[in-house]
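Asker: Now for the letters of each chain:
There are 2 protein chains.
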Amino acid sequence: MTLGDQFETRFEVTEQVYRGFMEIFADRNPLHTDEAFAREHGFSGKVMYGNILNGFVSYFVGECLPVKNVAIQHQQIKFGTPVYLHDSLVMHSHLAEVYDTVNAYLFKFYFQNTAGVKVARGEVRIGLLS
Amino acid sequence: MTLGDQFETRFEVTEQVYRGFMEIFADRNPLHTDEAFAREHGFSGKVMYGNILNGFVSYFVGECLPVKNVAIQHQQIKFGTPVYLHDSLVMHSHLAEVYDTVNAYLFKFYFQNTAGVKVARGEVRIGLLS
Chain C
0 MTLGDQFETR
10 FEVTEQVYRG
20 FMEIFADRNP
30 LHTDEAFARE
40 HGFSGKVMYG
50 NILNGFVSYF
60 VGECLPVKNV
70 AIQHQQIKFG
80 TPVYLHDSLV
90 MHSHLAEVYD
100 TVNAYLFKFY
110 FQNTAGVKVA
120 RGEVRIGLLS
Chain F
0 MTLGDQFETR
10 FEVTEQVYRG
20 FMEIFADRNP
30 LHTDEAFARE
40 HGFSGKVMYG
50 NILNGFVSYF
60 VGECLPVKNV
70 AIQHQQIKFG
80 TPVYLHDSLV
90 MHSHLAEVYD
100 TVNAYLFKFY
110 FQNTAGVKVA
120 RGEVRIGLLS
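First to last, the protein sequences are chains C and F. Residue numbers for the first sequence follow this note's numbering, beginning at 0 and rising by one. Residue numbers for the second sequence follow this note's numbering, beginning at 0 and rising by one.
Any given hint could turn out to be false.
Just so you know, same-sequence chains aren't split out, so a pair can sit in one copy or run between any two.
The calculated DSS-like cross-link candidates involving lysine-lysine, where the alpha carbons are at most 30 Å apart (straight line), are [what the hints assert, rightly or not]:
id	residue 1	residue 2
1	Lys117	Lys45
2	Lys45	Lys67
3	Lys107	Lys77
4	Lys107	Lys45
Don't read these hints as lab results, they were simulated from the structure. What you are looking at is a predicted structure, and each value in this text was computed from that prediction instead of being measured.
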């Protein structure tokens with residue numbers, strides 16, 4: 000992995016992802032489950048769980064890098080724009096920092112929807128397993 | 000919600016949570032799925048996905064606060080110690096900062112296992128919906 004390496008990964012916020020997340024984590028907050036509640040608060044529909052995007056980050060780290068012996072050390076994300084059911088997102092990420100002495104790598108990323116809006120951005124630091 | 004408010008929430012890393020996360024997000028990185036691989040790298044068994052803990056944070060915000068009209072604005076987590084299948088974790092959190100003018104609240108948290116080890120720590124900033 001070389002500084003500046005870029006990645007693009009597409010993720011679909013399907014019914015299966017949404018329902019699966021709800022069932023696993025039992026978060027039934029009305030913003031995510033009650034269409035009327037979400038609309039009353041100015042949204043176009045039920046807002047997807049932000050942490051679905053963190054699950055996508057897990058896939059990116061676990062499956063999309065050229066190495067498999069990795070573990071996440073630190074992760075952060077800022078949510079800017081709501082994500083809705085059936086949204087199609089592209090995660091754009093790049094290797095922003097390399098810490099040679101500790102075999103760690105920092106990726107910065109953002110998720111963009113099909114309207115071109117960057118809905119969330121963040122970073123994830125990974126370490127190579129010894 | 001008042002500055003300093005404390006919360007304790009117990010989470011179980013069950014087979015259902017682990018399998019569900021794997022199926023939803025399709026992350027089959029060997030650290031999380033291959034017992035032998037994990038042991039070769041010095042772990043006691045398959046390491047759980049760090050982002051399972053972020054799912055627990057979603058539950059905390061969505062279900063454990065005295066208000067329901069909330070949305071996560073920003074979230075970060077540092078992973079220190081591996082979490083294994085069947086671990087029982089307590090998320091200790093407290094309201095660390097209140098931003099009155101923007102109706103936002105910052106919670107700091109850590110997850111502790113039954114051996115008393117703080118396996119991860121982080122913070123989550125939420126905003127009240129208007």
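Asker: Could you run down the list of hints and mark each one as holding or not?
Answerer: Hints and how they fare:
{"no.": "1", "hint": "Lys117 / Lys45", "verdict": "within (19 Å within a copy, 34 Å between copies)"}
{"no.": "2", "hint": "Lys45 / Lys67", "verdict": "between (35 Å within a copy, 14 Å between copies)"}
{"no.": "3", "hint": "Lys107 / Lys77", "verdict": "both (12 Å within a copy, 16 Å between copies)"}
{"no.": "4", "hint": "Lys107 / Lys45", "verdict": "both (28 Å within a copy, 27 Å between copies)"}
Every hint, counting from the list given before, is met by this structure.
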